[in-house]
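*Asks:* Spelled out, the chains give:
Protein chains: 4
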Amino acid sequence: MWAVRLHKYHDRPRVEQVDEPVIEHPYDVLVDIGGAGLCRTDVHIIEGKWADLSAVSLPYTLGHENAGWVREVGSEVEHLQLGDTVILHPLITCGFCHACRAGDDVHCSKSVFPGINADGGMAQVMRTSARSVVKLDIGTDPAAVAALADAGLTAYHAVKKAAPQLPPGSTCVVIGAGGLGHVGIQSLRAMTAARIVVCDPNSDALALTTGWGAHETVLVDGRQVERVLELTEGLGAEVVLDFVGERGAELDSWRMTKRAGSHYIIGYGGAINVPTIDVISTERNMIGNLVGSYNELAELMALDASAGVHVLTRTYPLQAVQEAMEDLEDGRLRGRGILVPDRLT
Amino acid sequence: MWAVRLHKYHDRPRVEQVDEPVIEHPYDVLVDIGGAGLCRTDVHIIEGKWADLSAVSLPYTLGHENAGWVREVGSEVEHLQLGDTVILHPLITCGFCHACRAGDDVHCSKSVFPGINADGGMAQVMRTSARSVVKLDIGTDPAAVAALADAGLTAYHAVKKAAPQLPPGSTCVVIGAGGLGHVGIQSLRAMTAARIVVCDPNSDALALTTGWGAHETVLVDGRQVERVLELTEGLGAEVVLDFVGERGAELDSWRMTKRAGSHYIIGYGGAINVPTIDVISTERNMIGNLVGSYNELAELMALDASAGVHVLTRTYPLQAVQEAMEDLEDGRLRGRGILVPDRLT
Amino acid sequence: MWAVRLHKYHDRPRVEQVDEPVIEHPYDVLVDIGGAGLCRTDVHIIEGKWADLSAVSLPYTLGHENAGWVREVGSEVEHLQLGDTVILHPLITCGFCHACRAGDDVHCSKSVFPGINADGGMAQVMRTSARSVVKLDIGTDPAAVAALADAGLTAYHAVKKAAPQLPPGSTCVVIGAGGLGHVGIQSLRAMTAARIVVCDPNSDALALTTGWGAHETVLVDGRQVERVLELTEGLGAEVVLDFVGERGAELDSWRMTKRAGSHYIIGYGGAINVPTIDVISTERNMIGNLVGSYNELAELMALDASAGVHVLTRTYPLQAVQEAMEDLEDGRLRGRGILVPDRLT
Amino acid sequence: MWAVRLHKYHDRPRVEQVDEPVIEHPYDVLVDIGGAGLCRTDVHIIEGKWADLSAVSLPYTLGHENAGWVREVGSEVEHLQLGDTVILHPLITCGFCHACRAGDDVHCSKSVFPGINADGGMAQVMRTSARSVVKLDIGTDPAAVAALADAGLTAYHAVKKAAPQLPPGSTCVVIGAGGLGHVGIQSLRAMTAARIVVCDPNSDALALTTGWGAHETVLVDGRQVERVLELTEGLGAEVVLDFVGERGAELDSWRMTKRAGSHYIIGYGGAINVPTIDVISTERNMIGNLVGSYNELAELMALDASAGVHVLTRTYPLQAVQEAMEDLEDGRLRGRGILVPDRLT
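Read top to bottom, the protein sequences are chains A, B, C and D.
All residue numbers for the first sequence refer to the working numbering, where the first residue is 1 and numbers rise by one.
All residue numbers for the second sequence refer to the working numbering, where the first residue is 1 and numbers rise by one.
All residue numbers for the third sequence refer to the working numbering, where the first residue is 1 and numbers rise by one.
All residue numbers for the fourth sequence refer to the working numbering, where the first residue is 1 and numbers rise by one.
The shape of chain A in the complex, shown without the other chains (with noise of 0.2 Å):
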């Protein structure tokens, strides 16, 4: 089968034949892929930066973000069929330690992450285990939902979390309208009737939010926390979820986090440097985000069946992927990158 293959890092990943994946489990499961999105990790995984973190033997199968089609189950596997419509918890997790019996299965103690340090979805199949199988309706389109895998994930279960501190009245300022701020902008809409400010550098990007349900735009020109400020009575929001987490949104979040407030970290790339007397004086909290659990994936999935999730997208198909990434790195790429391989027979 054809799959992207890293060789080497700093190099381009390669298209490649390369042999299909195996069912060696009795709960692996593998998937005719619909639909794998490219994601600026893919980027930092080429440039050598996850190499330490992930110590992945190479050359393997970049793609962590996956939809397809069941094509074949291990023995002990009941509740799937052949041609299921299903999208990929990004984690393989091993169902038995505390975090996995908690239904914290991010938190798996031996979890395994395809595309990151496994074989991952650039791929026309993708062997992951039965836990990791969610379901869809069956004509839902595996390439029009897979950035909802691990992106979309991310923004939902931050969103989850801050739900309860947003009662009417209160405020949420989202950092970022790109990607994750568009899912996490939604999911706010829907599961909240909390005020949804939103901050971004693009005032393209920002325009869009306001049909996505955002009640209010800050444009980031050096003046946004001064005007969320304005926006709050000079108090600052009850809830930041800041998706951006690099190049000062992680200190100006912090800034319009409202005394008793949280500032959800979900971006990376910069760093928090708070004076604890500012932490203590204000009883504010830092609040830790990663990908949602596999609930939350099957959430996620009703709330995109019910009400309708959009993401943009651009598909290109599985040969195409120096195009794409090209596209992404040179900043032509509007929304999500999705790879979509043709279908093994």
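None of these hints come from the bench; they were simulated from the model.
Yeah, the Cβ is synthetic: ideal placement off N, Cα and C, and Gly gets one too.
Output of the computed footprint for chain D on chain B, the stretches with three or more beta carbons under 8 Å from beta carbons of chain D:
1. 98-110
2. 289-297
Computed spacing ranges between beta-carbons, pair by pair:
3. C:H44 - B:D11: 57 to 63 Å
4. D:E76 - B:T345: 30 to 36 Å
5. C:E226 - D:E16: 54 to 60 Å
6. A:V112 - D:A307: 43 to 49 Å
Dock chains B, C and D against the given chain A, drawing on the hints supplied.
*Replies:* For chains B, C and D alone, kept in the frame of chain A given last:
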């Protein structure tokens, strides 16, 4: 001033001239009433059903669902101005007991309930406490929002409690498409992404709810439990909000509740009768519900200001209270009757 | 091997030779039983009271409260070693349904209940799933802890749910000073600083509870509700844990519950019968309770390992099951009867 | 009356005669002080470190940790009697803002902080508000409990927030075995069954904590992070309560925190400096902590009344404030210094 006074149980209340209330305590507030809701509870009061419970001395002024404008404030009131448009929390609470200090003022150990056990708002002027006054946008019409003060607040409170149990993909059954149900459905739609299934014996009432956010409607015709189970794969709903609480609804609600789910008892009149083995073997809960807190009334008004909470109302001059009561009793009153006194100069 | 088998309802089970169970699935685990609790539910099973509910085919092996040592594991089990000392969660759960993925495995939609609807642990060897096995410190005596697997876990689970409602200064009433009550009291003492009031008709049983953490004891003599109200300024308790659920305890419990408080229904046999107006006017809750989750069993065992959870037990050889049953039925058995089979070589 | 007055920053406060405070508002309360805690914050105030923040006009009376007896009450105060033994919540709060109405009075938008920005309790009589007064058992010695009013309440508040994350089998690390740490350890022991690991550079202080509930102690000698990781299978603790917040403790605390765990920042002086990738990849939280609410002070006093919360104190006559300050500054004061004025007749 004019007021609607009950002199004798089982007799109609009279509209008569009484002395205006005066400020007696430093936190007292006088309010020019702009709208006073008429409620089935007023009928029950006249019938003497609350006589023992309230122990009120006759005659007294009815009206427990009130909004208007600040007329005069006590010497210590600093956060209200004359002329402020306001809605009144139904209870006057002490501010010092454990419940008040927990923000759970509805369980105040010394509360007074104007319209039930003290002079209420079916009058040109009413006395309340600064603790009961929620400021509104200056141009708000008190008659348009008065019904939210008690019925609406009760529905909102139940929805807020239930929301954490209602992620996308879950189902909330609403029993009763009347005044509380309307606010309940709109609050559910604003604050959750759950599927909303509404049950009512009146098909016109059901039709209306679809416009307000109901996803499914079920006619109460003897097959309603069966229908709800069909809509939920035979399992029932995560949450059932029973706004009726009598005439069998309280039993249906329990049967519609899923394992580990919760039956919120909001309406009243009937009785719960369930073997303990049914409770424990399914780990279902029955949750009591009263009116919401002061802050929840502020939240509901914020929700109304931002999203518009539609309440069916019909206004009557204060003098027409008899006509309004007859319309209510004879089933001619669709929505809430709101008495509007002439504003005292 | 030897096993206690039920051949016919209303007849005593027989101790007889049967084939040892074998590994059938990759996550199966065989356990050498070191202690199997005998419970009033076993008596009810023999009386046929569970026949319809469990639909089990006779003959089968009783025993739903089990601990022992790992004898053999399926091909995919990696986290258990032969000889590990273990206690068994009473349910075998699927690991894939929504409840299992939420950590709420007790509500698994496909669970099996050994000893109720499949072969249980009153035998030399029992088959369970890797998902049901909690590892213990190597030297733990299975017979000493077996009673915690079901009765103890149920009590712990209720206490854990109730703990957030029980700050210092609050009161928790415990109804029933038997096996569940003992673990309930000790768990309350370990995990809350609430005042603990225990009610029981047996004054010896009450005396015992003082040593385990009860602050007040109330004899159930017809004046128990009055006495609890006296102890709580006429208001009742924030939480009532009803470990009896029949013979009037279920009604007493409700009357002992404070406004905004919760009545936890844990024991069963009786019925709840409450007017909805009583529920709503006080905003009290009735909370259903089942056995705890897998992680909660691990927590209870950690509590036992660090603090020592005392359980009254009396051990019998497996062969003496008839004698144990007679002791139980005739009221001669103080504490839990634990059957101890000879360990198979 | 006598009072400890600060006239000039960097000069020692003087003990001098001033006018007694008088009732000015209907909810004012005058208290005969029976004990006023001396705190490192008082030293910082004298050094001018709070000058900008508090903007207090000099001279004024120090003392923000107070207990005593009710001397006089305003015209509207009904729930307090002359002579009642009381402890004072450190803040005077408005009772009307959103935070006050939520029970979160510490975040009152108009609070006054006697001893910081208004006359405090190092005096024979102090004026406060009825909202700040918690009644104690009549025989309680104010000097014995005064230290719980601020330092103790801060520690209790953090423990109460953390308790739901601390089931049996989890670990809580306490950084700092001083005044706050003492109350923290005892609160943890009373309200959780978690393992308690205490870190401090002083081995005598550590030895003391074992008697109060610590399970493990770790000397802060440069290897403390390593030691905590050894005690937690290399994973860190579910909760770290950092009562120090400076001199490296704030960085150690973060490194001792487990994935998905929380670092509670309570002490202050240092700064947090963490890359956002470390926050998100482990989904750890940093939780701000301030003093507890009014109800939490009542809870802490209930805990003290039932279980006895031990606080090391040393009493001084009010006139000996200089000596007490020197003892504090020179490290001769073990535990809290409590100033005890002569009771005014």
